[in-house]
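Let the hints inform the model, and build the full structure from the sequences given.
For the record, the sequence lines run as chains V and F.
Numbering-wise (my numbering), the first sequence opens with residue 176 and increments by one.
Numbering-wise (my numbering), the second sequence opens with residue 176 and increments by one.
According to the in silico footprint, chain V covers these stretches of chain F (three or more CB under 8 Å from chain V):
(1) 206-216
(2) 301-312
(3) 319-333
(4) 337-349
(5) 358-364
(6) 369-382
Derived from the structure by calculation, the hints contain no laboratory data.
Even glycine gets a Cβ: it sits at the ideal position worked out from N, Cα and C.
Number of protein chains: 2
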Amino acid sequence: MAIQVYISPNTTLYLRDPQATPLGKQIITAAISAFDELGLERLTFRKLAAEVGCTEATVYRYFSDKQQLLVYLVSWYWDWVHYLLQSAAQMPTDPVSKLRAAVTALTQPMVANPAVPYIDERILHHVVVTEGMKAYYSKTTDRHNRDGVFLPYKQLVETLADLILAVSPSFAYPHTLATTLFEMAHNQIYYAEHLPRLTDVRLSASLSEQVDVMLQTWIDRLLLLNR
Amino acid sequence: MAIQVYISPNTTLYLRDPQATPLGKQIITAAISAFDELGLERLTFRKLAAEVGCTEATVYRYFSDKQQLLVYLVSWYWDWVHYLLQSAAQMPTDPVSKLRAAVTALTQPMVANPAVPYIDERILHHVVVTEGMKAYYSKTTDRHNRDGVFLPYKQLVETLADLILAVSPSFAYPHTLATTLFEMAHNQIYYAEHLPRLTDVRLSASLSEQVDVMLQTWIDRLLLLNR
DNA sequence: GATGAATTATAGTAATCCTATCATGCTGAA
DNA sequence: TTCAGCATGATAGGATTACTATAATTCATC
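Set out below in structure tokens:
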């Protein structure tokens with residue numbers, strides 16, 4: 176695993192590679208902030224272009240529409256989490272510690288990647304928490320999926336599912352548990368922020384730790400205590 | 176519990192009560208089909224009005240925008256599920272059977288309600304599976320929440336959380352488990368349909384039963400096997 | 001049948017979502 | 001140096017969407 180991590184999403188995720196030009200990188204930076212502030216529905220390429228200081232048409236040369244732009248960012252995020260997760264799971268030697276380390280990693284994905292100064296992982300994480308599911312709950316999902324756009328997420332799920340099976344080979348639902356853990360890591364944060372009666376974690380500085388402890392409990396009971 | 180179930184969503188969920196007029200009922204019927212076919216992004220009040228046979232402005236008199244319309248339908252759905260869940264949990268006497276019956280009920284929410292002929296619960300269920308989370312992952316969520324719009328869902332979560340605590344009073348995460356079960360019941364279906372590598376259930380006539388068995392396993396391991 | 005309220009139809013504005021075209025400026029090869 | 005080729009800017013504009021204002025119509029009641 177290299178120290179510097181360059182993440183290159185699938186080429187069907189953009190019209191022109193935004194990581195290849197300074198303007199493209201500016202668009203990515205501004206897009207992350209704009210998604211965070213406006214959300215998918217209110218974000219327009221006009222506003223984004225105004226933020227970047229270029230024209231609407233220029234943004235359209237990089238991404239065909241805002242849905243593609245969101246999928247691009249989410250895809251980048253999953254690649255980054257995949258790297259963090261594999262790094263964390265590499266050090267422990269026994270399967271249980273590997274899985275525990277992997278789960279902890281996915282509750283703390285807002286570490287900065289020094290190789291990519293134009294992406295603020297902290298803000299991107301928050302964008303994925305609030306907008307991420309819109310990337311694959313859409314009428315464009317089947318087409319995107321045929322283009323291999325969701326491969327990063329699928330591979331990440333496969334990696335975690337393998338760690339789950341290493342701990343408990345007879346567990347019948349490794350993929351479901353993997354996706355459920357990813358979703359819990361996100362929506363528990365969203366609920367704590369917006370709909371606190373839907374969760375048992377509380378908005379505070381220790382939110383990530385609360386979620387980590389909760390997911391470890393899930394692992395304990397689903398896989399370890401009654402093998 | 177009455178045999179006929181009339182569900183009356185919060186009055187901030189519409190401008191004019193659609194259940195009070197024949198045209199309003201037609202709008203609901205058409206909206207459910209339109210959301211199913213087009214999804215939130217592609218649905219417009221113009222298309223919906225064309226389907227109903229009225230004008231765009233007429234639809235606007237019932238609902239201020241399509242987001243409100245979606246929240247209305249999802250809210251109606253949660254009230255319906257709440258009724259089904261409580262009916263199912265009423266018969267058993269011991270807490271474990273109550274919880275099991277409740278969980279089974281939420282994997283089969285496409286039963287028809289004879290009191291409401293203008294709503295096809297089967298299609299509405301599918302709409303909630305594919306579009307439901309967009310009702311509360313939105314920049315309008317905080318405002319809607321202040322208006323009490325999500326009360327039906329919160330109450331449903333509270334009901335299931337109580338059933339969970341009755342089985343396992345020391346369990347620390349009853350609300351999180353409740354919401355997770357609701358979400359699994361939906362997204363496992365979505366994944367089976369669109370992203371099968373993210374789940375272990377398979378698209379077939381027995382999909383509901385597969386999900387039921389899976390959720391019962393979750394209950395078993397999280398609450399029962401290691402009390 | 002007339003009156004007034006409820007509802008609908010018509011029309012129109014502003015914004016959004018794109019696409020097209022042409023000019024300009026920069027870069028790298030001949 | 002020149003020139004081809006590409007990226008971007010500038011500008012325009014069309015189709016659709018989102019929403020609103022107002023006129024027209026219906027309908028119950030007196």
